[in-house]
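> Residue numbers (the numbering used here), protein chains in the order written: chain A, 224 to 497; chain B, 60 to 278.
In case anyone wonders, no lab produced these hints; they're calculated from the structure. None of the values given here were measured: they were computed from a predicted structure. Glycine is no exception: its CB is placed at the ideal position from the N, C-alpha and C atoms. Some clues are possibly wrong.
What the hints assert, rightly or not - Over 12 Å on every C-beta distance to chain A, these chain B residues come out as not near it, computed from the model:
no.	residue
1	L144
2	L187
3	Q216
Said to hold, decoys possible - Cβ pair distances, simulated, as ranges:
no.	chain 1	residue 1	chain 2	residue 2	range
4	A	T406	B	L187	54 to 60 Å
5	B	D95	A	L496	29 to 35 Å
6	B	K108	A	V471	48 to 54 Å
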Amino acid sequence: MIKLLNAGFTRLRKNRLFWLLTIFSICVALFIIYSAYNDMDKYGRTIEVEQLMFNYSTIIGIVTSIFTCLFLGIEYSDGAIRNKIIIGHRRINIYLSNLIIVTITSLFSYILFLGVIVSIGIPLFGNITISIANLLILLGTIFVTTIAYSSIFTFLAMIISNKTITAVVSIMASFGMMMIALTCFNILETPKTIQTSTIESGETKFEEVPNPKYPSEEKKKVCQVLLDINPAGQMFQIAGRTVPNLKVLPIYSLGVLIISTGVGLILFKKKELK
Amino acid sequence: MGAIIETPSIYGEMTARDNLIEQYKLVGMPSLDGIDELLQLVGLSTTGKKKAKNFSLGMKQRLGIAVALANNPDFLILDEPINGLDPQGIIEIRELILKLNKERRITILISSHYLDELSKIATHYGFLDNGSIIKEISSDELMKKMEHKLILKVRNQKEFVKYFEENKISYDVVDSKTINVYGKYNLSKFINELSKKNLIADEIHEQEESLENYYMNLI
C-alpha cells in the first residue's frame, strides 16, 4: 500500500489537474473575500469570517467529483490498474490507495481555501465571532462530509472503466445530490400559513390561512433525515448555519464512507479488467 | 517478472522519464538509479519533455517494455508487441528483444500472430488453438519440419531405411508406408539412384512448408 501511495502522490504532484484544483481553491477564496468586502464597503454589512469559511462546502462536492473522475479515470484508460495488478498489488490496496489520495486532495483543497480566508479575512473583517470549539466542530463535520464525498466518487471511478461515463455519472451524481438537498430544504422551509387576499365590498382583505403545501410531520422527518444523510444536504445546512442534528451528521458521513467503500471493494474485486 | 498485456501501461500525460519514475515507485525500487540506462536501452533517452501521448506506437511500445523492465525481471511477457507497428517499428522491437535476451539474459515469452516475425527470434514455440496448447516444439525441430523434403510412399520400408542409413541421408519414418527424406535433391537423379538399388516408391512428393502452413495443418 505504501508503494501505491508513494506512486500516487508522485503522479499527483506532476498532475496538471491537481495544480488547477489548487489555483481554483485559492481563486474561490479570493473571490469570496472580494464579494464580502464589496458588501461591507457598499452596504455596511457586518461580515463574519467563519461564515466565509463555510462557503466552499457547498461546491466541494462538484470539485471532488470532477477531480476524482479525471484523476482516477485514466487509471483504466492508460492501463495503470492492469499494470499494478501485474506487478503484484492486491485489488483492495489499489482501491484504498486511490481513495486515500482523492480524500487527501479534497481535504487539501479545503484547507488551502481556509488558509486564504483566515490569512486575508481576519485582518480585513475581524476575528471569528463564534467559539473556537464550535468552529472546530463545524469544520470537522465539513471534513468528514468531504471524506464521504470522496468515497462516493472514488466508488464511481473504480467501478466504471470508461472515463467519459465516469465523468458524466460523477458530475450528475454531485448535482443530483445538490438538487435533492435543495428540494428537501424547500419542503422543510415551507411556511405553515400563507397570506391570501380577498375583495369584500370593494375592500381588499388579507388573512393568514393554513398552507395546503405544508408537509406533515412524517414528511418533515423523512426530509430532515434525507438532508442529514445526503453529503450535499449536510454542507448546505452548515453553510446556512442551521444544523438541527449536528451531532449525527459525522455518523451519517461515516456510514456513507463505509457503505460506498465496502460495496466498491466487493464490486472492484469481482470486476473483469480487460 | 515484467509484462505488457495488450497495450503498454503508460500515463499519456507524463514523459518517458516520469513514467519510469512512477513505475520505480510502484515496484518499490530503493532509488531512481538505472532510469537513464533503461531509457537508453530502449532508445528513448532523447525524448526529453515530450509527453507519452505524443509518442509514436513504436515509441509507446518501447516505453512499455522499459516500464516492464523497471524491477529487473528475469522473465518478460510480451503480448502482441508488434501489433500495429510499421516495418521500422517492428525491426526496432525485434532488435530490442534480441538485445534483452542476449545482453540481459532475460527469458521472454511472446504471444503473437506474426509467425514470420516469430521465426526470426523465437527459440521455442508453443502453438495454441481454442485456448489450449496443441504443440510445443523447439526452433531446431520446427525448422527441420519446415525444411524441404521428399515424401515417399513405399511398400518395402526396411530396405529404404537401410539404404538411407548406409548413405547418411536424413529421413523420418512417418508410418509403415511413408518416409520423409530431408534436403534438396534433384528428383530424377534421386529416383535413378533408388531404382539402381531396386528401391521403387509408389509415390514421391516434394514439399517445402512455411510456418503458416505448419500452423494451419496443426489446427
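> All hints are to be evaluated individually against the structure, with a verdict given for each.
Hint-by-hint comparison with the structure:
no.: 1; hint: L144; result: holds (18 Å)
no.: 2; hint: L187; result: holds (19 Å)
no.: 3; hint: Q216; result: holds (53 Å)
no.: 4; hint: T406/A / L187/B: 54 to 60 Å; result: holds (58 Å)
no.: 5; hint: D95/B / L496/A: 29 to 35 Å; result: holds (32 Å)
no.: 6; hint: K108/B / V471/A: 48 to 54 Å; result: holds (51 Å)
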